[in-house]
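**Student:** Chain A is fixed; fit chain B onto it per the hints.
There are 2 protein chains.
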Amino acid sequence: MSPKITGELLRQLRQAMKNCKYFSEPIQAYIIPSGDAHQSEYIAPCDCRREFISGFDGSAGTAIVTEQHAAMWTDGRYFLQANQQMDNNWTLMKMGLKETPSQEDWLISVLPENSKVGVDPWIIAADQWKNMFKALSSAGHSLVAVQDNLIDAVWPDRPERPSTQLRSLGLDFTGISWQDKITTLRAKMSERKITWFVATALDEIAWLFNLRGADIEYNPVFFAYTIVGMNTIRFFVDLKRLSDPAMREHLQLDSPSKPELSIQTFPYESVYTELQAICAALGPKDKVWICDKASCALTQVIPKTHRSPIPYTPLCLGKAVKNATEIQGMKMAHIKDAVALCELFAWLEKEVSYFFCFQKDFVGLSFPTISSVGPHGAIIHYRPLPETNRTLTVNEVYLIDSGAQYVDGTTDVTRTMHFGTPSAFEKECFTYVLKGHIAVSAAIFPNGTKGHLLDSFARSALWESGLDYLHGTGHGVGCFLNVHEGPCGISYKTFADEPLEAGMIVSDEPGYYEDGSFGIRLENVVLVVPAKPKYNYRNRGSLTFEPLTLVPIQVKMMNTELLTQKERDWVNEYHRKCREVVGAELERQGRQEALEWLIRETQLII
Amino acid sequence: MSPKITGELLRQLRQAMKNCKYFSEPIQAYIIPSGDAHQSEYIAPCDCRREFISGFDGSAGTAIVTEQHAAMWTDGRYFLQANQQMDNNWTLMKMGLKETPSQEDWLISVLPENSKVGVDPWIIAADQWKNMFKALSSAGHSLVAVQDNLIDAVWPDRPERPSTQLRSLGLDFTGISWQDKITTLRAKMSERKITWFVATALDEIAWLFNLRGADIEYNPVFFAYTIVGMNTIRFFVDLKRLSDPAMREHLQLDSPSKPELSIQTFPYESVYTELQAICAALGPKDKVWICDKASCALTQVIPKTHRSPIPYTPLCLGKAVKNATEIQGMKMAHIKDAVALCELFAWLEKEVSYFFCFQKDFVGLSFPTISSVGPHGAIIHYRPLPETNRTLTVNEVYLIDSGAQYVDGTTDVTRTMHFGTPSAFEKECFTYVLKGHIAVSAAIFPNGTKGHLLDSFARSALWESGLDYLHGTGHGVGCFLNVHEGPCGISYKTFADEPLEAGMIVSDEPGYYEDGSFGIRLENVVLVVPAKPKYNYRNRGSLTFEPLTLVPIQVKMMNTELLTQKERDWVNEYHRKCREVVGAELERQGRQEALEWLIRETQLII
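So the sequences go chain by chain: A and B. Take the first sequence: its letters are residues 0 to 605, numbered as in numbering that gives the first Met the number 0. Take the second sequence: its letters are residues 0 to 605, numbered as in numbering that gives the first Met the number 0.
Bound-form chain A, shown alone:
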């Protein structure tokens, strides 16, 4: 992978930073966050501005360009990748290391006095704007909203915004109609004396209307905004997408059941002016709910006295706790996923050995061919993501992180395996990671516990040997929605962390990465379920996790002497369940080789 050559691009951007077409005075720095106007984690190609200017295409990162410098902040997952993808014009700022300055501190240290720092107000979240604004102001600089995006100005062949076909989901997949979701939302609004609610997160809008799209790869969402009042619903979306009769029927566009459930449709771009019109007509006591992570541009349309910023919207919280239909769907999706992976792994094991037997200088399988394997019938999108696009040999630890979107659910699984003989160190690290995975998965904890309080359980065994990993342990998982969703998770970072409750779904994915040598990660998607321990302190109730992912964990990689009896019992019980549930499905589908592989891989350990 060779880095992107960015010298000329940066010259043009710095030109634009001085160009008075965009603002009254030149700016001395320009911030390029990685998001879109909806603060999505994964973004459409037209929104990959940070990648375009720098070459670095990891999922997280913020670029800042000044007259002299170009710097990129990203976290431990991407240090290697960012170094490979960026040329010498860029400085990598390794987040999470003590010596790395924050964006604010760095700006203050490099900028001349009274500088202006520009940013696109549609791309920066309101809370980030506020923090940056404060920090810069206190040092005598100012933060400026630049309405025209300066990257777009130097990006001649920027792709168009996608507008894929919408898909409506019936009650058999969603469990609750969009009309009932609106009613629940309005009840929460009147409880808090709120008159308007502005939805900007794409997965929240998709969940609210029981619609899905394919505007962003891997994320079955579509570009839209929604403003819900006590009697009105405004839906901002490319109107071409609403011409299909079934779609009009689903949204009851032509014959609403009740006037207050009538949806008024508007072009996507008109959300700004429409919100301005609503705000101009606000009564003195009217309050507008908007997420504090919504764009600065849209947030600032709402006068401060009427604005009620919230860390999580009621949609975010409602979506996080899955209903019975959604949980059932997620279980089905994970069984289908396990079938596909058993088939893939069985095939892989055979092929690798086969090639290896016949060819001493075997170069290896290239990864993309593997992704076509397996029964992907009901799969909307299948996403095998090896750590890098390296070839595969029997001498190396093989890590596969794969996720699929099924109509009934979303999956995300990581397994680490070896097709030859792993080294003692590789086994030792794998076993610590497994101990961490089990410590989280088997933990019992009180109702209302926040996920960050469980994060250290996943690290304890690694820490004891002086090892660690530089990412969180788990993220919320949507139901046929984004594979990363808020408001819960398991991370040493304590922001964005609502208490865990039964029905929430998160991943459990500790890892260990030896730079330039191997990577280990074990990831299951797990459902938060009630636990019934011996006592019940203050009647708070207890919770634990039930794994939804049912794919064997490679015994060959374990140093079972490092496992306690409790941990060995956990592995055996997990493998018993894999055999029982996935084995039955493999048998039903007549997939004999995969079944044999499954049985071999789920032998008891002692």
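FYI, nobody ran anything at the bench for these hints, they're computed from the structure. The beta-carbon is built from N, C-alpha and C at its ideal position, and this holds for glycine as well. Heads up, some of the hints might be wrong.
Only part of the chain B face toward chain A is listed, based on derived beta-carbon distances under 7 Å [said to hold, decoys possible]:
1) TYR267
2) TRP346
3) LYS349
4) LEU398
5) GLU463
6) SER464
7) ASP467
8) TYR534
List of simulated lysine-lysine pairs, DSS-like, C-alpha gap at most 25 Å [to be verified]:
9) LYS531/B x LYS97/A
10) LYS187/A x LYS133/B
11) LYS129/A x LYS93/B
12) LYS97/A x LYS565/B
13) LYS192/A x LYS97/A
14) LYS449/B x LYS449/A
15) LYS284/A x LYS93/B
16) LYS115/A x LYS286/B
17) LYS115/B x LYS133/A
18) LYS531/A x LYS330/A
19) LYS426/B x LYS565/A
20) LYS531/B x LYS449/B
21) LYS133/B x LYS284/A
22) LYS533/B x LYS533/A
23) LYS284/B x LYS115/A
24) LYS426/A x LYS531/B
25) LYS303/B x LYS449/A
26) LYS115/A x LYS192/B
27) LYS129/A x LYS93/A
28) LYS133/A x LYS93/B
29) LYS97/A x LYS492/B
30) LYS303/B x LYS492/A
31) LYS284/B x LYS133/A
32) LYS133/B x LYS97/A
33) LYS93/B x LYS286/A
34) LYS533/B x LYS555/A
35) LYS129/A x LYS192/B
36) LYS284/B x LYS129/A
37) LYS129/B x LYS133/A
38) LYS187/B x LYS492/A
39) LYS129/B x LYS303/A
40) LYS449/A x LYS533/A
**Tutor:** For chain B alone, kept in the frame of chain A given last:
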């Protein structure tokens, strides 16, 4: 314990809330925080305003009185006590329970529109003021600074502010002279381009000048403020305290070694006007450091453009990492403490059995007599704190939380014991608490880990059985300073939590409390020390804890079957160290009975 009768007092306070002598318009609510003007945790009798108005004398709590209501917020440690000490005029707000409203939410729910809420700006911290101000403003109310304290107005026999004799500490106790501490502080100020620093926390001022007082019970501090500039030092204190020639010599008041180390002294009360004068003369770029937990009154003297609020001052951070002299002193103090406790426990065991043998209806020892036991020669203040002042029998779990101030260090130890036969449930709970204590004490974790990430280790065994405790696991401990100090700790609460580093000293004190029946807590003071595990991920280095407290943990209370081999090894190694270090000292002092008790209590467990 009968509750304080508060009807007449509340009537007078509500009268004062309407009395225009104190402000232009009546206020509808008055907040009475528990602190003093220095945001001390423990306070002098003259500052016990919340206790005076309510009767509740726990260390944490905030009262709010409106025309109709009187409500008290406190945490899980004090639910029982607050209920017993307050009469029916008061409503207890149990913090940490989901259904309990925050002070802001409660005020908004009970106040009539456009209400004024008053508070003494010297007692409320600047950051609390800010949050309360915001929340009330957004609901149409206002927060008002009431300069005259309304509790003082209805408190005719309020005690005087103490002014005890000051004690200076030499280099053999402090390790660093106050002159060197000033120089280090100024280096940090110039690094951050700060021209003035205002110190308001009493323990920070005591640490800075290597002085101690006795103005607040248990806390060897004295009422003072300090303002440090790049060339000047202003010290605000009752000037009578500086007349002693040795004190004047310690502070070099009459012959400073260098002009910039010359201390100007001022009366305690003049800090406000003196800071005003400093602020009036500030240059455009001058910045003033003040802790964001300092009083609102003093903070607001500094114009906002010149104010640099910080969560922890450099003094707080400097004080937290103990130097070699301080660590040596803390170790010595803990040995002396262990000798005293061994003697106390040996005596206690004998006396209780003795009375029990002779008298069937034995009523018990009353606790206060016990506190006079033991060799308290070098002890500044000895503080035995049983959970309540109940009598002692052989049928009950006995919890003693004791702490002492020695000239070379501060101790804080809790032990739980039974002088008869504990029930299986009591032993089970004790063992879970012990498992939690060991899990924290033996944990190895990376340099830079924040204490809150270790909190769940202390709870894991309790959680697994559905149990928990409603307080944090540990607090910072000062060296002949406050027994509770910031900025580090081990708590599920994530504020006030600087990363742990070698040299910091915290407590490790999980517990379990069965309401109305028994309480269990096991507390050691532990020193953060470097650990040397097998690997060293990214050269970050690892840390662990070394117990400074060396008092046996009662084996009779353990269900050793619930302990793992690793945990049994930890107990045996801990007891071996108690025997070795404390046993030698007991032998040297010829305390035979205590030595025999120590040897009996530190037998190997298997």
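**Student:** Each hint needs a verdict: does it hold in this structure or not?
**Tutor:** Each hint tested on the structure:
Here the hint on TYR267/B is broken, as its CB sits about 31 Å from the closest CB of chain A, past 7 Å. Nearest Cβ of chain A to the Cβ of TRP346/B: about 35 Å, over the 7 Å cut. The hint is violated. Among the interface hints, the one on LYS349/B is violated; its C-beta lies about 35 Å from the nearest C-beta in chain A, farther than the 7 Å criterion. Because the beta carbon of LEU398/B sits about 18 Å from the nearest beta carbon in chain A, more than 7 Å, this interface hint is broken.
Nearest Cβ of chain A to the Cβ of GLU463/B: about 5 Å, under the 7 Å cut. The hint holds. Proximity of SER464/B to chain A holds as hinted, the smallest CB-CB distance being about 5 Å (cut-off 7 Å). At a threshold of 7 Å, the smallest CB-CB gap from ASP467/B to chain A is about 5 Å, leaving the interface hint in force. Annotation: interface hint on TYR534/B holds; nearest CB of chain A at approximately 4 Å, less than 7 Å.
About 20 Å separates the Cα atoms of LYS531/B and LYS97/A, which keeps this hinted pair within 25 Å; it holds. Between LYS187/A and LYS133/B the CA atoms are separated by roughly 23 Å; this keeps the pair inside 25 Å, and the hint holds. Our distance criterion of 25 Å between C-alpha atoms is broken by LYS129/A and LYS93/B, whose separation comes to about 33 Å. For the suggested pair LYS97/A and LYS565/B, the alpha carbons sit about 33 Å apart, so the restraint of at most 25 Å is broken.
Restraint check: the Cα-Cα separation between LYS192/A and LYS97/A comes to about 44 Å, which exceeds 25 Å; the hinted pair is violated. A distance of roughly 16 Å separates the Cα atoms of LYS449/B and LYS449/A; the hinted pair therefore holds under the 25 Å criterion. The suggested pairing of LYS284/A with LYS93/B is violated, with an alpha-carbon distance near 31 Å, which exceeds 25 Å. Annotation: proposed proximity of LYS115/A to LYS286/B holds, straight-line Cα distance about 21 Å (limit 25 Å).
Simply put, LYS115/B and LYS133/A have alpha-carbon atoms about 29 Å apart, too far for the 25 Å limit, and the pair is violated. Proposed proximity of LYS531/A and LYS330/A is supported: the alpha carbons are some 22 Å apart, at most 25 Å. For the given pair, LYS426/B sits about 23 Å from LYS565/A by alpha-carbon distance, which is consistent with the 25 Å threshold. Among the hinted pairs, LYS531/B with LYS449/B is consistent with the structure: their alpha-carbon atoms are about 19 Å apart, no more than 25 Å.
For the proposed pair LYS133/B and LYS284/A, the alpha carbon gap of about 17 Å is at most 25 Å, so the pair holds. Under the criterion of a C-alpha separation no larger than 25 Å, the hint pairing LYS533/B with LYS533/A is inconsistent with the structure, at around 37 Å. Under the criterion of a C-alpha separation no larger than 25 Å, the hint pairing LYS284/B with LYS115/A is consistent with the structure, at around 18 Å. As the CA atoms of LYS426/A and LYS531/B are separated by approximately 21 Å, the hinted pair is consistent with the 25 Å bound.
Simply put, LYS303/B and LYS449/A have alpha-carbon atoms about 36 Å apart, too far for the 25 Å limit, and the pair is violated. Between LYS115/A and LYS192/B the alpha-carbon distance is near 21 Å, which keeps this suggested pair within the 25 Å criterion. Between LYS129/A and LYS93/A the CA atoms are separated by roughly 23 Å; this keeps the pair inside 25 Å, and the hint holds. Proximity of LYS133/A to LYS93/B is assessed by CA-CA distance (about 35 Å); at most 25 Å being required, the pair is judged violated.
With a CA separation close to 22 Å, the supplied pair LYS97/A and LYS492/B stays within the 25 Å bound. Of the pairs offered as hints, the one joining LYS303/B and LYS492/A is violated, with about 31 Å between alpha carbons and a cut-off of 25 Å exceeded. About 17 Å separates the Cα atoms of LYS284/B and LYS133/A, which keeps this hinted pair within 25 Å; it holds. A hinted pair counts as satisfied when its Cα atoms are at most 25 Å apart, and LYS133/B with LYS97/A does not qualify at roughly 33 Å.
Only pairs whose Cα atoms come within 25 Å are accepted, and LYS93/B paired with LYS286/A is rejected, the gap being roughly 30 Å. Between LYS533/B and LYS555/A the alpha-carbon distance is near 23 Å, which keeps this suggested pair within the 25 Å criterion. For a cut-off of 25 Å, the pair hint linking LYS129/A to LYS192/B stands: about 24 Å separates their Cα positions. A hinted pair counts as satisfied when its Cα atoms are at most 25 Å apart, and LYS284/B with LYS129/A qualifies at roughly 23 Å.
For the hint pairing LYS129/B with LYS133/A, the CA-to-CA distance comes to about 15 Å; that is within 25 Å, so the pair holds. Annotation: proposed proximity of LYS187/B to LYS492/A is violated, straight-line Cα distance about 28 Å (limit 25 Å). With a C-alpha separation of about 17 Å, the suggested pair LYS129/B and LYS303/A falls inside the 25 Å cut-off, and the hint holds. A threshold of 25 Å between alpha carbons decides the hint, and for LYS449/A with LYS533/A the separation of about 22 Å falls inside it, so the pair holds.
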